[in-house]
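Visitor: In the numbering used here, the protein residues as written are 394 to 790.
Read the hints as simulated data drawn from the structure, not as lab findings. Errors might be hidden in some of the hints.
In silico DMTMM-like cross-links for lysine to aspartate or glutamate, where the CA-CA straight-line distance does not exceed 25 Å [unchecked claim]:
(1) K658 x D572
(2) K581 x E605
(3) K718 x D693
(4) K658 x D673
(5) K581 x E636
(6) K658 x D739
(7) K718 x D698
(8) K581 x E541
(9) K718 x D677
(10) K581 x D548
(11) K718 x E636
(12) K658 x E694
(13) K718 x E424
(14) K658 x E727
(15) K581 x D529
(16) K658 x E605
(17) K718 x E694
(18) K718 x D673
(19) K658 x E738
(20) K581 x D598
(21) K718 x E637
(22) K581 x D677
(23) K658 x D677
(24) K718 x E757
(25) K581 x D673
(26) K658 x E730
(27) K658 x D698
Each pair of labels, with its calculated beta carbon distance range [claimed, not checked]:
(28) C787 x R641: 17 to 25 Å
(29) A747 x G675: 46 to 54 Å
(30) A644 x D408: 46 to 54 Å
Please read these numbers as outputs of a predicted model, since none were measured by experiment. By construction, the Cβ of each residue, glycine as well, lies at the ideal position given by its N, Cα and C atoms.
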Amino acid sequence: MTPTHGPAMTDPNPDLLAQADALCQDSSFREALWRHLTYRRPDGDLAGLRTRIHPDDQMLRHSLRHWGDANRSVSQYYGVALQQHDAARQVLALTRPDGAAGLAILDFACGYGRLLRFLTHSVQPSQVWAAEIQPDAVAFVHGEYGIESLPSAYDPDAFAPGRAFDFIWVASLFSHLPDHLFQRWLAKLVSLLTPTGVLCFTVHDECLLPPEIPMSAAGIHFIGSSEIEELDNRAYGTTFVTEEYVRRAVAAARGSPWGGAVRLKRALANEQDLYVVPKDPGHDLGGLLRFRRGAWGWADEVAFDRAGSLRLAGWAATLDEGPAKCVEIRVNGEPFEATVDQPREDVARVLGDARLGMSGWAFERSFAAPRVFVEASARSTRGDAALLYAGWLCAPA
394 MTPTHGPAMT DPNPDLLAQA DALCQDSSFR EALWRHLTYR RPDGDLAGLR
444 TRIHPDDQML RHSLRHWGDA NRSVSQYYGV ALQQHDAARQ VLALTRPDGA
494 AGLAILDFAC GYGRLLRFLT HSVQPSQVWA AEIQPDAVAF VHGEYGIESL
544 PSAYDPDAFA PGRAFDFIWV ASLFSHLPDH LFQRWLAKLV SLLTPTGVLC
594 FTVHDECLLP PEIPMSAAGI HFIGSSEIEE LDNRAYGTTF VTEEYVRRAV
644 AAARGSPWGG AVRLKRALAN EQDLYVVPKD PGHDLGGLLR FRRGAWGWAD
694 EVAFDRAGSL RLAGWAATLD EGPAKCVEIR VNGEPFEATV DQPREDVARV
744 LGDARLGMSG WAFERSFAAP RVFVEASARS TRGDAALLYA GWLCAPA
């Protein structure tokens with residue numbers, strides 16, 4: 394299983410950062426990303442895809458500390474990025490069936506642009522604004538993706554973009570805010586919607602709260618630590634909420650009952666819940682019944698020995714239908730397929746879905762080359778694909 398959240402402690406090894414940077418710009422890796430990018434503008438091309446990750450991007454650094462391996466860390470970073478982009482574009486398409494042309498889109502609390510690098514390939518960059526509290530990140534996304542960037546603040550009253558937006562996407566911010574900021578930022582962002590606009594934000598549901606920690610009567614539990622140690626832990630930690638808490642907060646922010654808002658369980662990376670809130674309570678969001686969480690999974694075991702034997706193993710599933718149809722594997726471009734049919738009761742338990750108990754897979758084969766590029770993807774019965782692993786492996790000397 395992949396890591397979720399937790400406090401940062403030390404800087405990753407500089408060699409690992411260099412290896413991650415090299416992989417991000419490797420042509421084989423870039424081609425793998427392009428194959429997994431579901432939504433693309435007709436005028437987009439691989440040459441224009443910006444895959445460099447800022448060295449201070451906390452999401453990558455957190456993974457590097459956890460895994461101690463560039464391939465796994467970059468694969469995880471981009472696997473989440475691709476799924477987040479797919480989720481955002483699905484919601485946009487399902488709530489705006491007339492299309493995204495001309496809409497003003499805000500990626501709020503955008504970090505160093507994990508979503509933006511793909512979003513600017515599915516809609517015109519001129520339609521996209523990004524806001525972030527970290528000055529270096531604001532400068533990076535503006536220069537890297539050619540979009541309008543806005544400095545944010547701890548105080549919602551200090552955020553003044555000077556315009557309204559048709560679609561506001563907020564991933565992994567409300568999952569880190571204490572009660573007073575949760576309420577105030579929700580009200581602020583709702584106020585920035587156009588009359589037909591939609592706000593999307595993610596949270597940690599109470600089911601993710603460690604069992605030894607009781608949920609408060611208010612329906613929110615805030616822990617003063619997160620993977621971003623640079624931010625004030627009184628304002629940014631790790632937060633768990635009940636659905637009833639979110640319903641009350643949305644009603645207060647909008648000044649009207651819950652009507653029209655939708656909760657999509659585990660819609661972000663099979664972990665965080667996604668709430669979709671229209672400015673107009675009468676806005677019909679029934680199209681979201683067709684939302685798909687898509688394929689997901691991981692390569693728990695990756696080994697390539699001196700005899701050229703490659704072994705991969707892990708899990709692949711979707712909360713939409715259950716175990717994945719198969720795992721597609723490419724080794725130096727040559728395609729293979731692994732069957733998903735092995736017991737993984739841990740996956741079923743963690744994701745709370747008994748259908749996933751047989752979501753394990755394994756692949757073994759020998760190759761003559763001392764160095765191979767390996768790509769593994771989960772494929773659902775509906776055709777969704779998720780990047781599980783990609784990177785170069787060298788046989789030990």
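Visitor: A separate judgement is required for each hint: does it hold in the structure or not?
Guide: Each hint tested on the structure:
no. : hint                    : in the structure
1   : K658 x D572             : holds (21 Å)
2   : K581 x E605             : violated (34 Å)
3   : K718 x D693             : holds (18 Å)
4   : K658 x D673             : holds (22 Å)
5   : K581 x E636             : holds (20 Å)
6   : K658 x D739             : holds (19 Å)
7   : K718 x D698             : violated (28 Å)
8   : K581 x E541             : holds (20 Å)
9   : K718 x D677             : violated (33 Å)
10  : K581 x D548             : holds (10 Å)
11  : K718 x E636             : violated (32 Å)
12  : K658 x E694             : violated (28 Å)
13  : K718 x E424             : holds (23 Å)
14  : K658 x E727             : violated (37 Å)
15  : K581 x D529             : holds (24 Å)
16  : K658 x E605             : holds (23 Å)
17  : K718 x E694             : holds (20 Å)
18  : K718 x D673             : violated (40 Å)
19  : K658 x E738             : holds (21 Å)
20  : K581 x D598             : holds (22 Å)
21  : K718 x E637             : violated (36 Å)
22  : K581 x D677             : holds (22 Å)
23  : K658 x D677             : holds (19 Å)
24  : K718 x E757             : holds (18 Å)
25  : K581 x D673             : holds (15 Å)
26  : K658 x E730             : violated (30 Å)
27  : K658 x D698             : violated (41 Å)
28  : C787 x R641: 17 to 25 Å : violated (55 Å)
29  : A747 x G675: 46 to 54 Å : violated (38 Å)
30  : A644 x D408: 46 to 54 Å : holds (51 Å)
Going through the hint list in order, the structure does not satisfy hints 2, 7, 9, 11, 12, 14, 18, 21, 26, 27, 28 and 29.
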